[in-house]
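Just so we're on the same page, the numbering used here is the position in the sequence shown counted from 1, plus 7.
These are calculated hints, taken from the structure and not from any lab test. All C-beta atoms, glycine included, are put in the ideal place defined by N, C-alpha and C. A portion of the hints provided could be inaccurate.
[To be verified] Ranges of calculated distance between the beta carbons of each label pair, as one might list FRET restraints:
hint : residue 1 : residue 2 : range
1    : Ala376    : Glu233    : 17 to 27 Å
2    : Lys390    : Leu46     : 44 to 54 Å
3    : Ala211    : Glu31     : 16 to 26 Å
4    : Glu282    : Asp181    : 41 to 51 Å
5    : Arg396    : Leu337    : 27 to 37 Å
6    : Thr172    : Ile202    : 18 to 28 Å
7    : Leu337    : Asp423    : 44 to 54 Å
8    : Glu182    : Thr382    : 55 to 65 Å
9    : Arg146    : Lys35     : 49 to 59 Å
10   : Asp18     : Phe52     : 56 to 66 Å
11   : Arg146    : Gly95     : 30 to 40 Å
12   : His183    : Phe52     : 19 to 29 Å
13   : Ala132    : Asp423    : 55 to 65 Å
[Unchecked claim] Each computed DSSO-like pair below joins lysine-lysine, with the alpha-carbon atoms no more than 27 Å apart:
hint : residue 1 : residue 2
14   : Lys103    : Lys61
15   : Lys83     : Lys96
16   : Lys35     : Lys103
17   : Lys131    : Lys96
18   : Lys131    : Lys83
19   : Lys83     : Lys103
20   : Lys61     : Lys133
21   : Lys185    : Lys158
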Amino acid sequence: MFESLGNKLQDILDRVGKERQLTESQVKAAMREIRMALLEADVNFGVAKEFVAKVSEKAVGQDVSGSLNSGQTVVKLVHDELIETLGGKSIQPELKTEGNVWFMVGLQGAGKTTSTGKLALHYKAKGRRVLLVAADTQRPAARDQLEVLAKQVGVPVLKVADGETPAETRRRVDEHLKTDFRDLVIVDTAGRLQIDEALMDQLADLQTAMQPTETLLVVDAMTGQEALNVAQTFDERVQVSGLIITKMDGDARGGAALSARSVTGKPIYFAGTSEKISGLDAFHPDRVAGRILGMGDVLGLIERAELADIKAMEVKKPGDFDLEDLLTQLRQIRKMGPLGDLLKLIPGMSRALPEGFNVDEKQIQRIDAMISSMTLKERRNPKVIDGRRRKRIAAGSGHSVQDINKLLKMHEQMKDMMKMLGRMGGKGPGGMGPGGKPPRMPNLPPNVRR
C-alpha cells in the first residue's frame with residue numbers, strides 16, 4: 008500500500024544536498040515535494056500541511072552532527088515525524104483478567120466479521136478464552152459467516168435471532184458465561200452500506216445493554232478519505248476507543264491509514280495484512296514508518312520467524328548445500344508468509360528491487376514439487392540424476408525435463424554463490440575482515456546503521 012509513497016519520499020530525500028547546515032531554501036524545496044507526495048497518496052490535507060510544517064521547523068538551521076550529512080538528518084526528521092503522525096508508541100486494547108467485552112463496529116464490507124475471527128485467533132493464541140457473539144439481527148448470512156470463522160479458530164459462538172432485543176442478547180450472553188467461563192467476549196455488530204440513523208440507534212442501544220470495555224471501529228483502507236468521515240461519525244455516536252485498519256495489503260494509496268490517527272485522535276490497534284485468518288498484526292507506527300522510508304522491519308521479520316517456529320538449520324560447509332537443504336529452507340520461509348512481503352522487511356531491499364517486482368509464489372511451489380519427486384539419495388547427491396532419472400522426476404512432479412534441468416542449474420549456482428560468500432566471510436581472524444577488523448558497514452540511513 009505504501010510502496011508508491013515510499014519510493015517518492017526516498018527519491019526526494021536522496022536528492023537533498025550535503026551541506027554542513029541546511030538552508031531555508033533547501034528545506035522549502037524538499038518540503039514542497041514531500042507535501043505533494045503526501046497529497047498524491049491521499050493523505051488528509053490538514054495532516055500533510057501540519058507534517059511539513061513540523062519537519063520544516065525542526066530542519067531549518069539544524070546542525071549536522073557526527074557522520075550524518077544533511078540528507079541523513081532530514082531522513083531522521085521525516086522518519087520521526089512519520090512515527091508521530093501514525094500514533095507514536097504502539098498501543099493495544101486494555102485487557103483485564105475477566106469481564107472484557109469488545110464491540111466491533113463498522114460499515115458492511117469493511118472486513119468487520121473477518122476481523123472479529125482474526126482477533127479471536129490472535130487472543131486465543133495468547134491464552135485467552137474467547138466467546139464470539141454474532142449480533143447482526145437482520146443478516147443471517149453475517150451470523151453464519153462468523154459461525155464458520157469460529158469453527159476455524161476453535162472458539163464458541165452465540166448467534167442472536169432475527170429481531171432480538173439488546174436486553175435479550177445481554178441476558179443470553181450472561182447465561183452462557185455462567186456455564187462456560189470466558190474472559191473475552193467479542194461482539195460482531197450489524198453493518199450497513201452507508202451511515203444511517205437507524206444503524207446508529209441500534210448500535211447505541213446494544214452498546215448500552217452490553218457495556219463494552221472497548222469499542223473497535225473497523226476501517227477499510229481502500230476507501231480513502233471517506234474512511235475518516237465514517238470514523239468521526241461512529242465516534243460521535245458510540246465513542247470509539249480504537250481502530251482496526253483492514254486491507255493494508257491492497258494497492259490503494261494508503262493516505263487514510265496515514266491520516267487516521269491524526270484526524271480521529273484514536274489509536275490504531277491492529278492492521279489487516281491478508282485475507283487469511285492469521286492475517287492480523289499489531290500496529291507499530293515505528294515499523295510502518297521504517298517500511299515507508301525503505302528502512303525495513305527487522306523486528307517484524309523476527310516475529311514472523313518466531314510465530315512460524317522456524318528452526319535454525321544445521322551449519323554446513325558451503326559446498327555441502329544439497330537439494331534437501333534447499334527444500335527445507337523453502338518450506339520454512341513459506342511458513343513466514345509470501346516471499347515478496349518478507350523481502351520488503353529487509354532494510355534497503357525495497358529500493359534494491361526493480362519497480363513492479365513481484366515474486367511468483369507458484370514457482371516456489373513448483374520447486375517444492377520437483378524436489379519432493381526425488382529420492383533422498385538424489386536430493387543428497389544431485390550428481391547422480393542422469394537423463395533417465397530426470398524423466399522420472401519430471402513425470403512424477405508434472406513438469407518437463409527442461410524444468411528439472413533449470414532447477415539443477417539453479418542449485419549449482421546457489422552452491423557457487425555460497426562458496427564465494429564463505430570465502431569472503433572467512434578472511435581474517437574469527438571470520439572478521441582483513442587484519443581482524445569488522446567488515447565495512449554498507450552506507451545505510453543513520454537509524455538503520457545504529
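Verification of the supplied hints:
no., hint, result
1, Ala376 / Glu233: 17 to 27 Å, "44 Å, violated"
2, Lys390 / Leu46: 44 to 54 Å, "59 Å, violated"
3, Ala211 / Glu31: 16 to 26 Å, "51 Å, violated"
4, Glu282 / Asp181: 41 to 51 Å, "34 Å, violated"
5, Arg396 / Leu337: 27 to 37 Å, "21 Å, violated"
6, Thr172 / Ile202: 18 to 28 Å, "23 Å, holds"
7, Leu337 / Asp423: 44 to 54 Å, "19 Å, violated"
8, Glu182 / Thr382: 55 to 65 Å, "60 Å, holds"
9, Arg146 / Lys35: 49 to 59 Å, "53 Å, holds"
10, Asp18 / Phe52: 56 to 66 Å, "22 Å, violated"
11, Arg146 / Gly95: 30 to 40 Å, "38 Å, holds"
12, His183 / Phe52: 19 to 29 Å, "48 Å, violated"
13, Ala132 / Asp423: 55 to 65 Å, "42 Å, violated"
14, Lys103 / Lys61, "38 Å, violated"
15, Lys83 / Lys96, "17 Å, holds"
16, Lys35 / Lys103, "49 Å, violated"
17, Lys131 / Lys96, "24 Å, holds"
18, Lys131 / Lys83, "38 Å, violated"
19, Lys83 / Lys103, "37 Å, violated"
20, Lys61 / Lys133, "39 Å, violated"
21, Lys185 / Lys158, "22 Å, holds"
The structure fails to meet hints 1, 2, 3, 4, 5, 7, 10, 12, 13, 14, 16, 18, 19 and 20 from the earlier list, while all remaining hints are met.
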